[in-house]
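Place chain B on chain A using the hints.
Chains as they are written, first to last, in my numbering: chain A, 1 to 110; chain B, 1 to 113.
By construction, these hints were calculated from the structure, which means they are not laboratory data. Note that the structure is a prediction, hence the values are computed from the model and not measured. Fair warning: there could be bad hints in the mix.
With the C-beta cut set under 8 angstroms, the calculated list includes, among others, these residues of chain B facing chain A [stated by the list, open to error]: (1) G40; (2) M41; (3) G42; (4) L43; (5) Y48; (6) G58; (7) H100; (8) Y101; (9) Y102; (10) G105.
Examples of chain A residues lying across from chain B (beta carbon under 10 angstroms, computed) [said to hold, decoys possible]: (11) V4; (12) K42; (13) S43; (14) P44; (15) E45; (16) L88; (17) A90; (18) G101; (19) R102; (20) G103.
Restraint-style ranges between C-beta atoms, simulated for each label pair [what the hints assert, rightly or not]: (21) S69(A) <-> P83(B): 38 to 44 angstroms; (22) N7(A) <-> L69(B): 37 to 43 angstroms; (23) N7(A) <-> T86(B): 25 to 31 angstroms; (24) T86(B) <-> E15(A): 33 to 39 angstroms; (25) R60(A) <-> G40(B): 25 to 31 angstroms; (26) L11(A) <-> K9(B): 28 to 34 angstroms; (27) E45(A) <-> E52(B): 21 to 27 angstroms; (28) V113(B) <-> R28(A): 40 to 46 angstroms; (29) V12(B) <-> S12(A): 32 to 38 angstroms; (30) D27(A) <-> T86(B): 29 to 35 angstroms.
C-beta atoms are modelled at their ideal positions from N, C-alpha and C, and glycine is treated no differently.
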Amino acid sequence: QKEVEQNSGPLSVPEGAIASLNCTYSDRGSQSFFWYRQYSGKSPELIMSIYSNGDKEDGRFTAQLNKASQYVSLLIRDSQPSDSATYLCAVSGGSYIPTFGRGTSLIVHP
Amino acid sequence: NAGVTQTPKFQVLKTGQSMTLQCAQDMNHNSMYWYRQDPGMGLRLIYYSASEGTTDKGEVPNGYNVSRLNKREFSLRLESAAPSQTSVYFCASDPPEVTHYYTFGSGTRLTVV
Numbered sequence: 001q002k003e004v005e006q007n008s009g010p011l012s013v014p015e016g017a018i019a020s021l022n023c024t025y026s027d028r029g030s031q032s033f034f035w036y037r038q039y040s041g042k043s044p045e046l047i048m049s050i051y052s053n054g055d056k057e058d059g060r061f062t063a064q065l066n067k068a069s070q071y072v073s074l075l076i077r078d079s080q081p082s083d084s085a086t087y088l089c090a091v092s093g094g095s096y097i098p099t100f101g102r103g104t105s106l107i108v109h110p
Numbered sequence: 001n002a003g004v005t006q007t008p009k010f011q012v013l014k015t016g017q018s019m020t021l022q023c024a025q026d027m028n029h030n031s032m033y034w035y036r037q038d039p040g041m042g043l044r045l046i047y048y049s050a051s052e053g054t055t056d057k058g059e060v061p062n063g064y065n066v067s068r069l070n071k072r073e074f075s076l077r078l079e080s081a082a083p084s085q086t087s088v089y090f091c092a093s094d095p096p097e098v099t100h101y102y103t104f105g106s107g108t109r110l111t112v113v
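Excised from the complex, chain A in its bound form:
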C-alpha cells in the first residue's frame, strides 16, 4: 500500500509570511510528485510538479524534493489571503496512478 501523509492542519500564517507545507511518502520507487490546490467547494488544480531532488521555483511557489528522506514540501512566499485553500500532495512512480494525501488546510490571515 503506497501511502502519502500530510498534516491536515489547519496551518495558519499571517499575510506576507512564508507558508511551508510538507508531505511524506512510503514508496522509495516514487518518481513524480505533484502539488494541487483546492479551494473550498471547488475541484483540485495543479500548481507544481517536481521530479528531481532539490528545489523548483515557479513564481511565489517553491517545491522541494528529498528522495533520500522521502519527503516533498511546498513553500509559498509572500502568502496572500487568496492562497487560503487545501493543498494536496500526490505521488506516483513510473506509470502507476498517483496516490493523493489527505491534504493540508492553509489559512492566510490579514
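Same frame as chain A, now just chain B:
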C-alpha cells in the same frame, strides 16, 4: 472553454436507486479517471481508462461500473446506490506527453439517503 465537463453537479438518490455520472473532455486526452473525495479521506481512485476501449479498477471500485464511450466520454454508474457512496465525485483527464498532469472536472456532489 477547453476542459473537463461533469454532469450533474448535484444529485440526491434514495438507497437502491441507480444513476450515471457523465464526464466529457475536449482536450484530446487519452486517459481519464474517476475519483471520489470524502472528508478526511483525500482523493481515492475508483476507475480509470488509459485509452479508448480500456478500463481498470482503482482503489475503491466496488459498487461502481464505468464505460469509456469514446475518446471524449467516460461515465460512472452506480447500479444500486448506498449511503456509503455519498461523496463528491471528480472526473479527471491527463495528456499523454505529461502523465498525471490532471485537469479535473467541477465535481458531482452526490447524497444517498
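Against the structure, the hints come out as follows:
The interface hint given for G40(B) is met, as the beta carbon of that residue sits about 6 angstroms from the closest beta carbon of chain A, less than 8 angstroms. With 8 angstroms as the threshold, the beta carbon of M41(B) comes within range of chain A, its nearest partner Cβ sitting at about 7 angstroms, so the hint holds. Given hint, G42(B) at the interface with chain A, holds; its Cβ is 4 angstroms from that chain's nearest Cβ, closer than 8 angstroms. Contact between L43(B) and chain A, as hinted, is supported at the beta carbon level, the nearest pair being about 4 angstroms apart and thus within 8 angstroms.
Restraint check, Y48(B) versus chain A: the minimum CB separation of about 6 angstroms is within 8 angstroms; hint holds. Checking G58(B) against chain A by beta carbon gives a least distance of about 7 angstroms; that is within 8 angstroms, so the hint holds. Residue-level restraint check for H100(B) holds (minimum Cβ-Cβ distance to chain A is 5 angstroms; threshold 8 angstroms). Using the Cβ-Cβ criterion of 8 angstroms, the hint placing Y101(B) at the interface with chain A is satisfied: the shortest such distance is roughly 6 angstroms.
Interface restraint check: Y102(B) against chain A, minimum CB-CB distance 6 angstroms, threshold 8 angstroms, status holds. For G105(B), the suggested interface contact is upheld, since its CB lies about 6 angstroms from the closest CB of chain A, less than 8 angstroms. At its closest, the beta carbon of V4(A) sits 8 angstroms from a beta carbon of chain B; the interface hint therefore holds under the 10 angstroms criterion. Checking K42(A) against chain B by beta carbon gives a least distance of about 7 angstroms; that is within 10 angstroms, so the hint holds.
About 4 angstroms separates the beta-carbon of S43(A) from the nearest beta-carbon of chain B, less than 10 angstroms, and the hint is met. With a least beta-carbon distance of about 5 angstroms to chain B, the hint placing P44(A) at the interface is held under the 10 angstroms criterion. At about 7 angstroms, the closest approach between the beta carbon of E45(A) and any beta carbon in chain B falls short of 10 angstroms, and the interface hint on this residue holds. Taking 10 angstroms as the C-beta contact cut-off toward chain B, the hint placing L88(A) at the interface holds, the least distance being around 7 angstroms.
Proximity of A90(A) to chain B holds as hinted, the smallest CB-CB distance being about 7 angstroms (cut-off 10 angstroms). Interface hint status for G101(A): upheld, as the beta-carbon distance to the closest one in chain B is roughly 6 angstroms, under 10 angstroms. For R102(A), the suggested interface contact is upheld, since its CB lies about 4 angstroms from the closest CB of chain B, less than 10 angstroms. Checking G103(A) against chain B: minimum C-beta separation of about 6 angstroms stays under 10 angstroms; hint holds.
Between S69(A) and P83(B) the CB atoms are about 41 angstroms apart, so this pair conforms to the stated range of 38 to 44 angstroms. Range check, N7(A) to L69(B): Cβ separation about 40 angstroms, and the 37 to 43 angstroms hint holds. Checked against the hint of 25 to 31 angstroms, the pair N7(A) and T86(B) passes, with Cβ atoms roughly 26 angstroms apart. Distance hint check for T86(B) and E15(A): the Cβ-Cβ separation is about 36 angstroms, which falls inside the suggested range of 33 to 39 angstroms.
For R60(A) and G40(B), the hinted distance range of 25 to 31 angstroms is satisfied, since their beta carbons lie about 28 angstroms from each other. Distance hint check for L11(A) and K9(B): the Cβ-Cβ separation is about 30 angstroms, which falls inside the suggested range of 28 to 34 angstroms. Range check, E45(A) to E52(B): about 26 angstroms between beta-carbon atoms, so the 21 to 27 angstroms window is met. About 44 angstroms separates the C-beta atoms of V113(B) and R28(A), a value consistent with the hinted range of 40 to 46 angstroms.
Between V12(B) and S12(A) the beta carbons are some 35 angstroms apart, a value that agrees with the proposed interval 32 to 38 angstroms. Between D27(A) and T86(B) the beta carbons are some 30 angstroms apart, a value that agrees with the proposed interval 29 to 35 angstroms.
In terms of the numbered hints stated before, the structure departs from none.
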